[in-house]
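A.B. asks: 2 is the number of the first residue of the sequence shown in my numbering; add one for each residue after it.
Honestly, I wouldn't trust all of these hints.
Label pairs and their calculated CB-CB ranges [stated by the list, open to error]:
1. G316 / M566: 55 to 65 Å
2. E208 / S184: 33 to 43 Å
3. S292 / M264: 13 to 23 Å
4. G299 / N506: 34 to 44 Å
5. M566 / L438: 43 to 53 Å
6. D388 / M264: 21 to 31 Å
7. R444 / D352: 18 to 28 Å
8. E208 / Q455: 25 to 35 Å
9. L260 / S315: 40 to 50 Å
With a straight-line cut-off of 35 Å between C-alpha atoms, the simulated DSBU-like cross-links for lysine-lysine are [said to hold, decoys possible]:
10. K459 / K510
11. K459 / K373
12. K498 / K528
13. K528 / K244
14. K510 / K498
15. K459 / K244
16. K241 / K498
17. K241 / K459
18. K528 / K373
19. K213 / K373
20. K459 / K213
21. K510 / K528
22. K498 / K459
Please keep in mind that the hints were generated in silico from the structure rather than gathered at the bench.
Don't be surprised by glycine CBs; every beta carbon is placed ideally from N, CA and C.
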Amino acid sequence: MATSPQGEVHVRTASPTGEWTESSARRGSMSGAIRRIRQACTHCRPYTSQGTAFASAKLPSSELHPELLKRINQIESQLALLSDQGSANSRSVTNHSPAFCCEWKNLLTLNLRPSMNYVALDRMSQSPPTLNSENRSINVVPGPRRASSSSPQRRLSQGATYKPESNSDSPDAVRFSTLPPHSVVQSLVDTYFQHAYNQPYSYFQEESFREKLAYGLLPKCLIFAVLASALRFSDNPYFKWAKQQATEAYAREAWLSVLNDHMTAENCPNVHVAQTTNILAIIDFTAGRTSSGWLKIGLAVRIAQDLELMEEPSGTFSIVEQEERRRTFWSIYLLDKLVSCGRSRPPAISDEDCRLSLPCDEQAFRQGSLQKTATLYQVSNWTADSDRIGGNFALTILAASALGRCARYVLHQRDADELAPWDQRSEFASINTYLLLVSHHLRIESTSVGDIAQAHTKPDGSLDYQDAAHAVFSFAVFHLCYCLLNHPILLRLRVQKMSYRVPSNFLRKCLHTSCEHASNAIELVHKASAAGFPIRPSFYAYATTVAGSIIMMAVRSGEQSSIQMASELQEKNQQALMILEEMGRVWEHASKMHIQLLLFDASDVASAINLDANATADLNPGLEEVLWPIVDYGLMCGSLAGPKSSAKPLQQSLFDDDANCFPTIDLNEDIEPIGGFMDPGTGADHLITSEFSMSNLEYII
2 MATSPQGEVH VRTASPTGEW TESSARRGSM SGAIRRIRQA CTHCRPYTSQ
52 GTAFASAKLP SSELHPELLK RINQIESQLA LLSDQGSANS RSVTNHSPAF
102 CCEWKNLLTL NLRPSMNYVA LDRMSQSPPT LNSENRSINV VPGPRRASSS
152 SPQRRLSQGA TYKPESNSDS PDAVRFSTLP PHSVVQSLVD TYFQHAYNQP
202 YSYFQEESFR EKLAYGLLPK CLIFAVLASA LRFSDNPYFK WAKQQATEAY
252 AREAWLSVLN DHMTAENCPN VHVAQTTNIL AIIDFTAGRT SSGWLKIGLA
302 VRIAQDLELM EEPSGTFSIV EQEERRRTFW SIYLLDKLVS CGRSRPPAIS
352 DEDCRLSLPC DEQAFRQGSL QKTATLYQVS NWTADSDRIG GNFALTILAA
402 SALGRCARYV LHQRDADELA PWDQRSEFAS INTYLLLVSH HLRIESTSVG
452 DIAQAHTKPD GSLDYQDAAH AVFSFAVFHL CYCLLNHPIL LRLRVQKMSY
502 RVPSNFLRKC LHTSCEHASN AIELVHKASA AGFPIRPSFY AYATTVAGSI
552 IMMAVRSGEQ SSIQMASELQ EKNQQALMIL EEMGRVWEHA SKMHIQLLLF
602 DASDVASAIN LDANATADLN PGLEEVLWPI VDYGLMCGSL AGPKSSAKPL
652 QQSLFDDDAN CFPTIDLNED IEPIGGFMDP GTGADHLITS EFSMSNLEYI
702 I
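My request is simple: use the sequences and hints to build the entire structure.
C.D. replies: Encoded structure:
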């Protein structure tokens with residue numbers, strides 16, 4: 002140490018290369034005197050009590066830990082700057098909290114990753130010194146004295162910007178910009194694994210996730226994303242009246258962490274970033290931010306491809322880590338297929354590029370045991386037995402593969418297949434064959450909801466719905482495939498572009514098939530809910546809406562007598578509305594779809610279901626504008642208002658009077674007119690217009 006003529010104190014420190022560098026700190030307001038370096042606290046004094054120079058400390062090899070040594074130099078230079086701060090901070094700096102000294106000591110003695118982006122769970126409610134995420138400067142915050150420990154919960158894990166707890170008067174934007182207290186985080190993690198895990202996405206083993214969280218091995222972007230995903234199911238009083246604000250704030254913090262901490266030239270995305278991006282895409286898409294969600298899905302796909310997650314994991318990973326990588330990829334694959342149920346939204350992942358094994362059985366995953374499973378290619382080519390498929394998650398992937406084929410054929414308006422759908426060489430016939438394969442592995446005709454519940458009952462009598470949820474979900478996706486593939490209007494639009502004559506009874510048979518599976522899909526979800534299965538997956542809302550609209554069109558087409566009794570169809574549609582209403586308590590897009598189905602006038606499209614094979618009349622040019630808001634997943638999530646059409650006034654019955662359908666649909670018998678809602682506070686009527694948005698319905702949802 003030396004003093005320069007300019008009044009600076011120079012401290013010589015060791016660089017990672019072994020050379021000596023100098024750092025300087027300006028002297029305080031006292032001139033003409035040289036300050037002595039303050040003594041280390043008792044927790045760090047063993048390093049200096051024997052007169053050993055700092056340079057003689059055993060530092061990790063610079064070859065193995067260059068970033069660690071770089072950060073140590075930064076800490077030293079910042080200490081020098083802090084040493085001459087004003088008296089206002091003299092107490093916290095002079096005694097520089099034992100917590101700070103011990104953390105510095107841990108940096109030197111523990112072989113831990115010195116990353117800015119990892120959070121130790123037990124430190125969230127503490128107030129140790131922090132590194133500012135923008136300039137990586139040290140913010141020394143006075144905190145309670147505590148002894149250092151070698152237990153996992155006490156190990157250092159930098160990453161979160163620790164700040165004192167904001168008081169209740171602080172704005173929500175500031176309050177939710179940091180992680181909540183430890184107990185709240187634990188509560189939300191419990192909620193996530195209880196309500197969001199395997200619903201239907203599966204990224205990590207619960208035990209492994211909790212262990213990494215305690216050790217501080219999870220990046221803050223993933224923690225924020227998990228909290229945001231769990232909040233909609235939480236009743237924690239910490240977020241009372243502010244769950245939506247907290248969800249948006251946590252999702253924003255997670256996304257900013259992805260961009261700032263993992264998308265720079267110095268940092269490369271890892272599997273946690275892929276998981277985070279996929280979770281955020283679900284939050285955005287279901288909240289109506291479909292463009293943002295679509296972009297995040299694409300980013301998750303590219304990260305997965307960059308990490309080669311579509312390949313079989315390396316044997317250098319543990320068994321649990323290998324399966325987590327598989328499940329992360331298949332979750333991205335699943336979301337990619339589900340959101341492709343719309344125009345101009347083709348899936349980004351091709352089945353031919355998926356060369357890794359299907360997910361293993363849930364019990365094997367929980368136990369961390371190895372289980373060999375077949376690949377999607379092997380299953381698709383009938384070369385894999387059912388016992389090699391894996392667990393229920395693998396069945397969901399198989400059903401999603403079929404859904405992707407159906408969406409590509411009926412929704413993406415591809416003209417590559419010029420063969421008529423009734424031709425056995427056509428894509429339509431090929432998809433029907435693939436659905437037979439899926440049905441074979443699902444055993445859907447011989448398995449009921451009661452059978453699924455019985456097979457997944459724990460020894461204590463409770464239902465293991467984390468495992469059983471995928472079985473129910475795969476059945477629902479399977480029925481949706483038939484609904485879309487045989488959708489009467491979508492088929493009519495496709496046939497109209499061809500010059501072929503439609504075979505007798507082809508359209509009638511397709512209508513019957515779609516209506517049958519629409520009824521089965523609604524009944525499946527309804528019975529699952531009655532059996533104790535939580536209806537958590539957001540995609541149930543889309544499947545239910547499509548099924549409900551098909552039933553309404555079947556009734557209006559005049560074919561209900563040859564399909565099912567009108568009373569049976571009435572019951573199924575009522576169940577669909579009940580499912581959407583219940584889901585709307587948790588999912589915003591389900592509330593939109595509930596209103597959309599109520600506003601849907603099937604008479605506009607039912608007239609186009611011309612089952613006469615000899616009919617050559619063209620369809621109404623405005624038919625597509627009426628149809629797409631009820632079959633396009635992106636449009637259904639994005640906005641409530643539908644296109645203007647020649648629909649009958651809402652005051653008229655949904656069906657003819659002699660059909661006697663839906664007599665029990667009663668939103669509120671005291672509300673007049675029927676085409677609107679009454680403000681419960683003022684009694685004023687609010688009519689539904691084409692500009693109607695969900696913000697107008699917040700008081701009734």
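A.B. asks: If a hint holds in the structure, say so; if it does not, say that too.
C.D. replies: Taking the hints in turn, this is what the structure says about them:
1. G316 / M566: 55 to 65 Å: 59 Å, holds
2. E208 / S184: 33 to 43 Å: With Cβ atoms ~20 Å apart, the hint is violated.
3. S292 / M264: 13 to 23 Å: Holds, since S292 and M264 (Cβ atoms, about 19 Å apart) stay within the stated range.
4. G299 / N506: 34 to 44 Å: Holds: the Cβ-Cβ distance is about 42 Å, inside 34 to 44 Å.
5. M566 / L438: 43 to 53 Å: With a Cβ separation near 33 Å, M566 and L438 fall outside 43 to 53 Å, so the hint is violated.
6. D388 / M264: 21 to 31 Å: 42 Å, violated
7. R444 / D352: 18 to 28 Å: 22 Å, holds
8. E208 / Q455: 25 to 35 Å: 27 Å, holds
9. L260 / S315: 40 to 50 Å: Taking Cβ atoms as reference, L260 and S315 lie about 28 Å apart, which means the hint is violated.
10. K459 / K510: 43 Å, violated
11. K459 / K373: 25 Å, holds
12. K498 / K528: Violated: K498 and K528 sit about 40 Å apart, past 35 Å.
13. K528 / K244: Since the Cα atoms of K528 and K244 sit roughly 30 Å apart, the hinted pair holds (cutoff 35 Å).
14. K510 / K498: This hinted pair holds, its Cα atoms lying about 20 Å apart.
15. K459 / K244: This hinted pair holds, its Cα atoms lying about 33 Å apart.
16. K241 / K498: Violated, at roughly 54 Å.
17. K241 / K459: Holds, because 34 Å separates the two Cα atoms, which is no more than 35 Å.
18. K528 / K373: Roughly 33 Å separates the two Cα atoms, so the pair holds.
19. K213 / K373: 26 Å, holds
20. K459 / K213: Holds - the C-alpha atoms of K213 and K459 are around 27 Å apart, at most 35 Å.
21. K510 / K528: 27 Å, holds
22. K498 / K459: 54 Å, violated
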